[in-house]
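Numbers in my numbering are just positions in the sequence shown, counted from 1, shifted up by 1408.
One or more of the hints may lead you astray.
[Said to hold, decoys possible] In the SDA-like style, the derived pairs of lysine to any residue whose C-alpha atoms are separated by at most 25 Å in a straight line are:
(1) Lys1503 / Pro1446
(2) Lys1503 / Thr1444
(3) Lys1503 / Gln1449
(4) Lys1503 / Tyr1524
(5) Lys1503 / Ala1474
(6) Lys1503 / Arg1413
[Unchecked claim] Pair ranges (Cβ atoms, derived):
(7) Val1439 / Phe1464: 29 to 39 Å
(8) Val1496 / Ser1447: 35 to 45 Å
(9) Arg1475 / Gly1448: 20 to 30 Å
(10) Gly1448 / Leu1486: 37 to 47 Å
(11) Leu1486 / Phe1431: 28 to 38 Å
(12) Cys1525 / Thr1443: 32 to 42 Å
(13) Leu1450 / Ala1507: 18 to 28 Å
(14) Pro1502 / Phe1464: 33 to 43 Å
Source of the hints: derived by calculation from the structure; they are not laboratory data.
All figures in this text were calculated on a predicted structure; none of them were measured in a lab.
Just so it is clear, CB atoms sit at the ideal spot from N, CA and C, and this is done for glycine as well.
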Amino acid sequence: MFVLRAFPLLALVVAAWNSLVVFGSATATTVVGQTTLPSGQLWPITTGDAFVVAAFALLFVEIVSARARTSSLVNHALSLMVFLVCAVEFLFVPKCGEAAFLIITLIAAIDVLAGYCISIRAARFRPLADEATE
C-alpha cells in the first residue's frame, strides 16, 4: 500500500503521452471526438485536450490526498522527478514541444509546489492536534 500512496499520479499522464504521441502515431492535434456546444458550435476534442483534462483531474486527486507522512515525502520526490522529466521533454523532444504538453508540465510543477505546501502546513498543525487529545 505504501508504494501506491507514494506513486505520483501525473506520471500516468506523462507515460501515456510518451506512448501515444512520442512513440506512437498520434499527435496532440489528433481529433478523438467532438461535441456540439449549446451555442451550436461544433467543438473537436483533441488528444492534447484529453491529456490536459486528465492531468487536471489527477492533480485534484493528488492535492486532496496530500498529507504529512513518509509516503508523502517519497511522493514529493517522485513528483519532482516527473516535473523534471516533463521540463526536459518539453525542451528537447520535438513531439513534446506542444502547448498541451507545456500545460501538463505546468500542472506537474503545481503538483510539486502544492504537495510541499500542504505537507508543511499539515505538519505544522499536527502537534497542536496531538496535544489537544491528551
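These are the hints, each one checked on the structure:
1. For the hint pairing Lys1503 with Pro1446, the CA-to-CA distance comes to about 33 Å; that exceeds 25 Å, so the pair is violated.
2. A distance of roughly 29 Å separates the Cα atoms of Lys1503 and Thr1444; the hinted pair therefore is violated under the 25 Å criterion.
3. A threshold of 25 Å between alpha carbons decides the hint, and for Lys1503 with Gln1449 the separation of about 29 Å lies outside it, so the pair is violated.
4. Note on Lys1503 and Tyr1524: the hinted pairing is violated, with a Cα-Cα distance of about 30 Å set against a maximum of 25 Å.
5. A threshold of 25 Å between alpha carbons decides the hint, and for Lys1503 with Ala1474 the separation of about 32 Å lies outside it, so the pair is violated.
6. A threshold of 25 Å between alpha carbons decides the hint, and for Lys1503 with Arg1413 the separation of about 31 Å lies outside it, so the pair is violated.
7. Checked against the hint of 29 to 39 Å, the pair Val1439 and Phe1464 fails, with Cβ atoms roughly 20 Å apart.
8. A beta carbon spacing of about 40 Å between Val1496 and Ser1447 agrees with the range 35 to 45 Å that was offered as a hint.
9. For the pair Arg1475 and Gly1448, the supplied restraint of 20 to 30 Å is violated, since their beta-carbon distance comes to about 46 Å.
10. The hint said 37 to 47 Å for the Cβ distance between Gly1448 and Leu1486, and at roughly 45 Å that hint holds.
11. Checking the proposed 28 to 38 Å range against Leu1486 and Phe1431 shows it is violated: the Cβ atoms sit about 22 Å from each other.
12. A hinted range of 32 to 42 Å holds for the C-beta pair Cys1525 and Thr1443, which are about 36 Å apart.
13. Range check, Leu1450 to Ala1507: Cβ separation about 21 Å, and the 18 to 28 Å hint holds.
14. Our hint of 33 to 43 Å for Pro1502 and Phe1464 is violated, since their Cβ atoms are close to 25 Å apart.
The structure does not agree with the numbered hints 1, 2, 3, 4, 5, 6, 7, 9, 11, 14 stated previously, though it agrees with the rest.
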